[in-house]
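**Q** Put the two chains together into one complex, using the hints given.
Residue numbers (our numbering), protein chains in the order written: chain A, 1 to 429; chain B, 430 to 932.
Read the hints as simulated data drawn from the structure, not as lab findings. Everything numeric in this text was worked out from a predicted model, so none of it was measured. Don't be surprised by glycine CBs; every beta carbon is placed ideally from N, CA and C. Wrong hints could be hidden among the right ones.
[Unchecked claim] Below 20 Å or equal to it, Euclidean Cα-Cα: the simulated SDA-like pairs (lysine to any residue) are:
1. 667(B) / 247(A)
2. 698(B) / 161(A)
3. 151(A) / 897(B)
4. 698(B) / 884(B)
5. 46(A) / 879(B)
6. 144(A) / 184(A)
7. 790(B) / 427(A)
8. 641(B) / 611(B)
9. 790(B) / 891(B)
10. 438(B) / 474(B)
11. 691(B) / 597(B)
12. 144(A) / 879(B)
13. 790(B) / 139(A)
14. 641(B) / 243(A)
15. 151(A) / 882(B)
16. 641(B) / 345(A)
17. 641(B) / 367(A)
18. 46(A) / 878(B)
19. 790(B) / 407(A)
20. 591(B) / 819(B)
21. 641(B) / 244(A)
22. 831(B) / 820(B)
23. 698(B) / 168(A)
24. 535(B) / 263(A)
25. 144(A) / 403(A)
[To be verified] Reference listing, derived: stretches of chain B covered by chain A, where coverage requires no fewer than 3 residues with Cβ under 8 Å from a Cβ of chain A:
26. 521-531
27. 641-655
28. 798-811
29. 848-857
30. 888-900
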Amino acid sequence: MTSQSNSMVAGRIDRQAVAGLQALLSTMNVAPGRVNAANSLVPFEKLENIHFARFVILDDQTYNDLQLFGLHRDYPLYLAFLCDFDGDLEEFFNDLVRYAGPGLRRLFSFCEDFTESTDLLQWMRDHNRTAATSYVNWRGRTVKQIHEEAKLRQAIDAYLEANDSTFASQPAELTRLQLRQFVDREIAAERLTLTPPPPTPLSAKIANALHPIGVVILILLVGVPVLLLVIFRIRSEEKSAPVYAPPPTPEHVRDLAILEDYESTNQFSVIGSLQPGLARRWVVSFVLWVVQFTALHIYNQGWLARVRTIHFARWVFLDDKQRIYFASNYDGSLDSYMDDFINKVGFGLNLVFSNSIGYPATRWLLLDGASDEQKFKYVLRRHQLPTQVWYNAHPGITAIELERNGLIRQGLEAATLSEEAAREWVRLL
Amino acid sequence: MPTTPIDPKDVQGLVRFGHGRLTEACYLLLRIRDRAAARAWCAVAPVTTAEVQKPLPEVALQVAFTAAGLRELGVSPTILAGFSAEFQSGIAGDENRSRRLGDIGKSAPANWDWGWRGKEPHAVVMLFALPGLLAGWRAKVESPVFHAAFETLACLPTSDLKNHEPFGFRDGVSQPEIDWPRQRTAAGNEVTYTNIVSVGEFLLGYPNEYGKYTDRPLLNPASEGADELLPAEDDAGKMDLGRNGTYLVMRQLEQDVRGFWKFLDGAAKSDAPERLRLAQAMVGRTTEGQPLVPLSETPIPGIDDSPQDPANNFTYDGDPNGTSCPFGAHVRRANPRNVDLPGQPRCWFTRLRRMLAFVPKAFRYDVTASTRFHRILRRGREYGPLLTIADAVSPAPAGDPKRGLQFLCLNANITRQFEFVQNAWLMSTKFNALSEESDPLLGNRAPVGDCPYTGNFSLPREAAPRQVLTGLPQFIAVRGGAYFFLPSLRALRYFSKAATQSR
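The following block holds chain B by itself, in its conformation from the complex (with noise of 0.2 Å):
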């Protein structure tokens, strides 16, 4: 198999940085007005790659598009059909969908302010700029050509919390490393954790962690505008349009921080350290995102180990009973650390006997999915203004601001990565054989079957029953939300030119 290198002029930027210096950023939603003026200004929008500038950028734009949106520009049926199903659907297309999402009761579709209905945008361009330039170069950005291409259904606003969400907690300290030289080659049963990642989960048209191509339009090289793409490396003959794009999830995420420490405070009996505690146990990381597990003491690939802060190499295989880090903790729902298959075996015959289950096995082994297929690129920002432990607890303010995160994550395939995460890990009451439970966090406590009540949070103990926190409220509320196609610049390029079918 041909391994050519990624051409990281073809690759928006936003899919290697997180543009984490340009503390000033906000994403315009957008419908198409005129499809002309549309595809005109994706020919000249000045979109950042995820080629290193010197010097530093002081600004950056990104661009992606929703099934509605690449319909809008006149994208042909046939080849909207070769994006995958749950992108054409849309994240709020379908109830077994928000089923699954857990986008129920109030964070259902029926009640965001974006995504839904006549609300569902067609675009998002993303604005970064430096500390005082963002106004300037969204000013900049809202050409003639782009006034008359696009409609601003709404301007999602974020603020620069210093890398904590609002609930106070450092965000963002774990993510994947994608393997850019292209030299991970996936096993079957891989028994060591990594944190390398195969390029294909998180850019289309490349191997993905299960060795194969997931799927994306293919063109034939003779239609209209094809040239302007790369051909596609599992099918030679074809070209393709996926190559180098992705999907970005958007989802407007409430937090009701005032709710999340008084419900806190009411727990520990107003006593600040006893509130700090189930705080971090809920989260997983202390707030200044320290790991509630003792660290690695192999390394880790992907992960460096030099001392960190917040330090990122640690798995919980020293853990097994949850009593350092809650199983139901946010971090650990999310992102399990585990492997395909438990146990380090070192022989054939031992793996053969893991992959029998013919081991003696303690009552949570072997009952999570293996990390490495549900992993998520996560880009999102915060919105809404800080909000100190103290000032939670007290009463809320007359005209109290809105808080939350906007949150964004890239993937390959939408429902292996970001649905499972969602369903399988965070929503789920039956996650890590708990019960009874969902995210601490984002949970919606909605009943499941004959189990009426799925507002707990539990503490595992060495000894003892483990301490239950019961009556969690819902402590976030889902605003908006969208799946979007991230196009590498060729596509972008494409979209301008080959959407040839009139209205």
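In isolation and in its complexed conformation, chain A is listed as follows (with noise of 0.2 Å):
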């Protein structure tokens, strides 16, 4: 199994730098929100172990609620430059300076701690930011694989189309039987190729099994703390803590909205304060922490919870824990994205999300909170951050297709199926 890796290089920016910044990383673009994929800065399309990247300014729009909030700190600028990728951070980076060398020494040289002579490759080892919580939609899946995958279903659909007539009224199991005779062929032919996943070795199958145990006993040791923390401490700060959730401005929702909606996945940046307090900074570090370890563990197959529609998406703290930012590749648009925040998995982001200033009352912080639907959705919005660059490796297939690809495959290379299994099978094509 290849595992998937992230990368944050994060350098502090002058706001005087931001203009030009923008302009040269909107030459990345053909528009705004589409990015191409041959730029001479990045060539992401050479890249390719990236599933996800993007550039992004983090430049809070809502720095000011910190008055309102009584809070006095000052957060630095920050240009961030984020991927999710197949295999391991060094040779990632190696690949990056590689291929897209000159390119981030231009872009990065808007840094203030960049000039002609740093070294690249240590320089961004150097300002990596490591995620206190990284989610992978299907964890070992390679963007090699998603292609194979993605191609298999084309030809499948092609043959299918070409030859309904024999399909329609036979058993399904003889019809999956064909598919792969005629699968086989393509392969012999050099049409298609179905790459056999790496074995995982033995160390990290054992560290696989072994982490589970570990983090039981750690949770029992540290969770049950953090649970009387939070029913003494935090239930009464809960009950006074102020909301702040006013609409989004038009001028802020146009900026967004201009760098979405041009296929079925999107992204999202959002960044928020803390409350002050050690107990918040515990209970977000634990919460982050099993949430962490529910995506190595449970949720590592297509499901988050009840949500099959993230990609990939990750919280990383900034700023000495003073402020959280979550980066997100989700499916379909923010409002039904929302909704699914809402209606499906309200609890865990009350847990995480309810620890920043302005978010709806939540009680026990897993109840409420995000079913106060409007001012959860104003809050995200205000929060959101334009990202300015953003790259997809496949654009137009959401998470679920995906899936569904991968269990087309696998039902492809069975043995024999019996004849209930096969048509359960056949009904995915």
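**A** Structure representation (structure tokens):
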């Protein structure tokens, strides 16, 4: 199994530099919200292991809210470059330097501590922010596999269309076997490729098996005190924590909407300030750690609780855990995404986001909050940041379609299937 | 929370009645010529209310305003800012909205007959009358003060196709049942399907399906004219300009009836029963409106389960593979009839398991958003003459008249209701884990990402790969559209008086 990793290289920039940086970033797009995958700065199409990438200027539009909460914090401005990719970080950074070295140097030269003599590779290593939690829709599914399986489905589709009368009235298992013969012929003719997944090293298998045991012990050890903290501390804070949820301004919405809905997947970048106090800090760290555990060991094949539309997502702490940044790549429009948030995993969103200032009032961290639908949507939209450059290696394919393509391949490769199972399989086609 | 009864005399009749008896109707799209005259007309407009009249009325009138119209009436910018963002921006005001609604290419606002640039209406006056009475009613409504107030941009006609839309299918069969007595308390994670919908989904000023009050302009009681209004239930000390009002979405959809039947005739190789079968699969009901799935054995709240023609007491729970009614059928997309939490969990433990998705999952399990947050009240009417299937497949005569639907719907939150249904369920090529196909009737067939074709329609089969129709052309084109505010009678009086800003 090839595991997926992520990077977030973030450098501080001066406000004076923003306009110039935005102008340079816009040269990577054919139009706002639509990247040129062959752009000369970072030619994403040559970086074959990338699933998603983005450049985003972390410029919090809601900074002035802090005053309403009596907080005085001084946040730097960052240029962040995020990637979700197959394989390990070091190899990926080497690829970046190889294929996009000069372009990245031009982009990062807008950062305060990047000079002509800076070693790009070392600078990226030093400025990489590890995510507190990262979610991968399907652990082990590589970009290569995605493209191969998409081609497989297309080939089967075309073959079915041409031979519909044959398949309409015969046993499903016979259809499956005939399709396998067809696919074998296509593979032999080198029109299709289905690369077998690399074996998982024994050490990784052992680590994967031991990790849950260790974590469960830790959750019990750490979780019980945190739970007590929540009950006695957070609950009293919740009752008095002010909600600040005015509608976003039309200008802000326009700046975001111009980047959205060109294909079936969208990007989301949101930033917020944590409420003051150690209790909140501990709670959010603990919750994100639990989410990371579930993302590794439970929700690692297509489902994040009930949500099936998120390809990659992550939470990253900034500025000594005073702020938190959330980035995701999701299917559908923002409204359907937030609808999923509210109706399917509101409790999970509450657990994390309610520790930020302004969020709709929660009870016991889990309840209410997101179900204050309009306020929740306002808060998220207000805290959302325009993503200046966004790259998706497989535009127009949803996470559910990726799962289906995988199931088609899996069924095809099975030695025999019962007629019942074969029927279920042909209905996927 | 006080649950005061809703005053039907303050609500426009269109929210409660479709005026079905009044088979003649037209929609006057208006621009305000003179502010003072327009306000004077608002004060005397013969608006039909939701009160049951005896004897039944012979004519009816409803009125609604766009954001530009309210501005033109002199409503202050701060009050306008209290209306929803999508209403203020308008249906054609933003390219992202057009993308989401599928209003691109042939259906792009730039190609509309009305609703765009200089042709944006300020108001719509909807006139309804018994057969033969419409012309007289219109003449009476178009009084001197009306003429002084408004310039008529267009008069959108309607025709009575006996409850059928131009493709030939029974229309308007399924409607949500509004909880007028205010007895519904919506809970989270509902597990039983109901057709009863909180009144706040269709009228502003009342709790919606989240138990919350949808944002709308709330006024300081001391401000001029505010004494005309009712107080806000959720904000003591504020007067509610939205209360008993709602938003009206209007879209003129031109239907290529000949194109529709000719395509199906080709797909069915001119076999008439097969042609009908494919058409019914695309719609999801028979031409007379009968569902393609078996009726529900248990009663559904808010749906009459006495034998009805056409029947409406069904869900898709008994058709998990889409072999009776295809997943992509128009009515299955527009109203999936599902619940918040699938699988009908009975105890807290199974509920928790469902919530955390710790259950064996079929591929299509739980992919569609819960229906109750996305209901609309349809009030549209057809236009153009009837065309039989036999005529539709023959060559068109010279000067073949246009046919289509004047689509009207009411909802309290345009983004969550109309726009969501249009975007996520109808135009989306990914609805219900499908690919390469949008709504078979409404889709614009535009490419999505690397997927170059979206003109498919698939009919699942139990033991074989789905049957696929390919190359569906675009059967409907949007000819115009606007978002309106349908005010309460009190709000209308407020507009007639309180708008005091001078030009």
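**Q** Hints first: check each against the structure and report whether it holds.
**A** Structure-based check of all given hints:
1. 667(B) / 247(A): Holds: residue 667(B) and residue 247(A) sit about 19 Å apart, inside 20 Å.
2. 698(B) / 161(A): Distance ~16 Å between residue 698(B) and residue 161(A) Cα, so the pair holds.
3. 151(A) / 897(B): Cα-Cα ~18 Å, so holds.
4. 698(B) / 884(B): holds, 19 Å
5. 46(A) / 879(B): Holds, at roughly 17 Å.
6. 144(A) / 184(A): Since the Cα atoms of residue 144(A) and residue 184(A) sit roughly 19 Å apart, the hinted pair holds (cutoff 20 Å).
7. 790(B) / 427(A): holds, 15 Å
8. 641(B) / 611(B): holds, 14 Å
9. 790(B) / 891(B): holds, 19 Å
10. 438(B) / 474(B): Holds: residue 438(B) and residue 474(B) sit about 14 Å apart, inside 20 Å.
11. 691(B) / 597(B): It holds: about 14 Å lies between the C-alpha atoms, which stays within 20 Å.
12. 144(A) / 879(B): Distance of about 16 Å is within 20 Å: holds.
13. 790(B) / 139(A): Between residue 790(B) and residue 139(A) the Cα gap is close to 18 Å, so the pair holds against 20 Å.
14. 641(B) / 243(A): Satisfied, since the Cα-Cα distance of roughly 15 Å is no more than 20 Å.
15. 151(A) / 882(B): holds, 15 Å
16. 641(B) / 345(A): Between residue 641(B) and residue 345(A) the Cα gap is close to 19 Å, so the pair holds against 20 Å.
17. 641(B) / 367(A): holds, 15 Å
18. 46(A) / 878(B): holds, 19 Å
19. 790(B) / 407(A): holds, 13 Å
20. 591(B) / 819(B): holds, 19 Å
21. 641(B) / 244(A): With a Cα-Cα distance of about 17 Å, the restraint between residue 641(B) and residue 244(A) holds, given a limit of 20 Å.
22. 831(B) / 820(B): Holds. Residue 831(B) to residue 820(B) sits at ~15 Å (cutoff 20 Å).
23. 698(B) / 168(A): holds, 17 Å
24. 535(B) / 263(A): Holds, because 19 Å separates the two Cα atoms, which is no more than 20 Å.
25. 144(A) / 403(A): Between residue 144(A) and residue 403(A) the Cα gap is close to 14 Å, so the pair holds against 20 Å.
26. 521-531: holds (count 6)
27. 641-655: holds (count 3)
28. 798-811: Three-residue rule met by the segment 798-811 of chain B, so holds; n is 3.
29. 848-857: holds (count 5)
30. 888-900: holds (count 10)
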